[in-house]
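Asker: The residues making up each chain are set out below.
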Amino acid sequence: MTGAEATSGWAGLLAVLVLGGVGVTGAFAVHRLTAVAPRGLTAWPWLSGWHPSEHALSRYHARWYPVTVVFLAFDVEMLFMYPWVLVVADVGLSAVVEMFVFLGVLLLGVLWAHREGAFSWQ
Amino acid sequence: MSGSMSMGADVVAVLPEVLLLVGALVALVGGSFTPREQQWRVRLVAVAALVASAVAAGVGLVSPAGPVFSGTYDVDTATGVVRLVVAASTLLVIGLGVEEVAGHRQESETYALLLLSATGAVVLGGAADLLVLVVAFLLGSIPLYALVGQARTGPAAEGAMKTYLLGALLGIVLMAGVTVLLGVGGGEAGYTGLTVALAGAPAGAVAAGAVAVLVGLMFKAGGVPGHFWVPDAAQGASVTAAALLTTVPKVGALVAVFRLVEAMPAAVDVQLVVAVLAVASMTLGNLAALGQTAVRRLLGWSTVSQVGYLLLPVAVVGRTDLAEPALLFYLAAYAVTNLTAFAVVAALPGRESLEDYRGLARAHPWLAGALLVSLLGLLGTPPTSVFVGKLLVATAAWDGGAGWLAVVLVVNTVASLFYYVGWLATVLRGGQADGEYPEPRAWAAGAAVWGAVPIVVLAAVAEPAVRLVVR
Chain A
1 MTGAEATSGW AGLLAVLVLG GVGVTGAFAV HRLTAVAPRG LTAWPWLSGW HPSEHALSRY
61 HARWYPVTVV FLAFDVEMLF MYPWVLVVAD VGLSAVVEMF VFLGVLLLGV LWAHREGAFS
121 WQ
Chain B
1001 MSGSMSMGAD VVAVLPEVLL LVGALVALVG GSFTPREQQW RVRLVAVAAL VASAVAAGVG
1061 LVSPAGPVFS GTYDVDTATG VVRLVVAAST LLVIGLGVEE VAGHRQESET YALLLLSATG
1121 AVVLGGAADL LVLVVAFLLG SIPLYALVGQ ARTGPAAEGA MKTYLLGALL GIVLMAGVTV
1181 LLGVGGGEAG YTGLTVALAG APAGAVAAGA VAVLVGLMFK AGGVPGHFWV PDAAQGASVT
1241 AAALLTTVPK VGALVAVFRL VEAMPAAVDV QLVVAVLAVA SMTLGNLAAL GQTAVRRLLG
1301 WSTVSQVGYL LLPVAVVGRT DLAEPALLFY LAAYAVTNLT AFAVVAALPG RESLEDYRGL
1361 ARAHPWLAGA LLVSLLGLLG TPPTSVFVGK LLVATAAWDG GAGWLAVVLV VNTVASLFYY
1421 VGWLATVLRG GQADGEYPEP RAWAAGAAVW GAVPIVVLAA VAEPAVRLVV R
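Protein chains in written order, with the numbering used here: chain A, 1 to 122; chain B, 1001 to 1471.
Everything labelled a hint here was simulated from the structure, so no lab data went into it. Computed from a predicted structure; not experimentally measured. Even glycine gets a Cβ: it sits at the ideal position worked out from N, Cα and C. The hints are all genuine.
Pulled from the structure, derived: some chain B residues nowhere near chain A, Cβ distances all over 12 Å:
| # | residue |
| --- | --- |
| 1 | Glu1188 |
| 2 | Gly1204 |
| 3 | Gly1318 |
| 4 | Pro1349 |
Below, a list of computed lysine to any residue pairs in the SDA-like style, where the Cα atoms sit at most 25 Å apart:
| # | chain 1 | residue 1 | chain 2 | residue 2 |
| --- | --- | --- | --- | --- |
| 5 | B | Lys1162 | A | Tyr65 |
| 6 | B | Lys1162 | A | Leu57 |
| 7 | B | Lys1162 | B | Ala1294 |
| 8 | B | Lys1162 | B | Glu1100 |
| 9 | B | Lys1162 | A | Pro66 |
| 10 | B | Lys1162 | A | Leu72 |
| 11 | B | Lys1162 | B | Ile1172 |
Using C-beta positions, here's what the derived DEER-type ranges look like:
| # | chain 1 | residue 1 | chain 2 | residue 2 | range |
| --- | --- | --- | --- | --- | --- |
| 12 | B | Pro1349 | A | Ser53 | 49 to 57 Å |
| 13 | A | Ala73 | B | Gly1058 | 34 to 42 Å |
| 14 | B | Leu1138 | A | Leu19 | 45 to 53 Å |
| 15 | A | Gly12 | B | Gly1193 | 44 to 52 Å |
| 16 | A | Val76 | B | Val1051 | 28 to 36 Å |
| 17 | A | Trp64 | B | Arg1036 | 23 to 31 Å |
Go ahead and model the full structure; you've got the sequences and the hints to work with.
Answerer: See the structure below:
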């Protein structure tokens, strides 16, 4: 590579950066000038976009915690079924037996949680 | 059809693990339907599951089934020894914890958690596949968090928090390492295929992945750099949980480290990393134990140093035939010795500091005798089995061309003399009136005295036991 080629390479890069900068700034300026609500709609990253009506550190009842844990414990196990459905037809009976043994173990956990009163709201 | 038939044979080959899992489930659900004052039935279920698992493990040890479940799980001599040691250790833990756990609000859950933790440790030791390793890590770790936090005291909460945070962090490190190894190995997860698949992979990536998996397993083993939780959990948790978590997870984790190092290609010197971790563990554990005045914290740091000794044979994997028998024998000897020390602590509830043991030899000579045997055992003096274990690992290190490790082991053993003998001196010293000692807890004292027997007996049968593995 000669010196002239290297210089032209840097000049090209600089041109791209300047052009990109002018383009982005121009698009932003056009947007601010023409938009109906230029600052956009404010959506907080919680409550699924609803306006929060309480402080982020406000207290809520402890019974939500067991509900969350129970939900996570049994919902995350569903992940094992996604790869399973792709191979169950090929592997056959043994895969069905394995999955239902797994689900049976999980159901015993549900039974225990029910006996311990994890599902009663009071 | 042939698939389901071979699966049936595979399930029979892992019968000890199945029995532990079924025992845990029966204890969990059965305990929920059993009145509070009848919970001893759940303990019987747990004991029955452990005894049945040990018997099945013994039968399996006579004729090892070899690789099962498409080579993802290896039922060899090492797995057989892990099954036996874990089942016997968990039985001893239940024995020393009878009085402490009986009548507890979550008695049946405790037994279920003990069994699940034992299942995780066994599967960790038998896993011959990176993905099975990850599942076994989770199965063994999550019951531990609950066991540590069960005591519901301030120190227990602190111990549970430290255990949980470090377990979550190092679990992620382990999974990241597994991901890297899967990536550079072309998706090969089984250890037999991995050695070949990684031979052509970039050495830097293999080393990074292997070290990450190794560091993750160090959390379960309780060695540097995953040792941070051990002293706090050993001191804060119930004695039952403390005895389990300083013994059972190590058995599975160290055999898992052995298998991992064995599977790595020769181009990457994982053995050197293990040697560095071994030196760090034994030195840090011993130095930290020197200044301790709380007995359980002292025992916690002492287990960190023992992990260092146990890593010695792993640091010479593939360089000497002695590595595997040395590791397995030391594991068995360490498990029974450490549990005996914890059984003495469990027999004398509320005695947390070294000074509380003053005059124990006069008040309860049997308990003091069990403590003497277990502490001399942890130190590694003849005629105890850990002495034979230390001799074996030092010989293995020397034989494998890492003589400097054997020297570090001897220096560290001399350093450990001070705190083990310091405790014993307090026990033998007079001063406390006989009447000040209450009656010790009967089951825990029994566990201590009966635990002291195999500490000596194992040393006597060391030679045939080692030959069994070497054959």
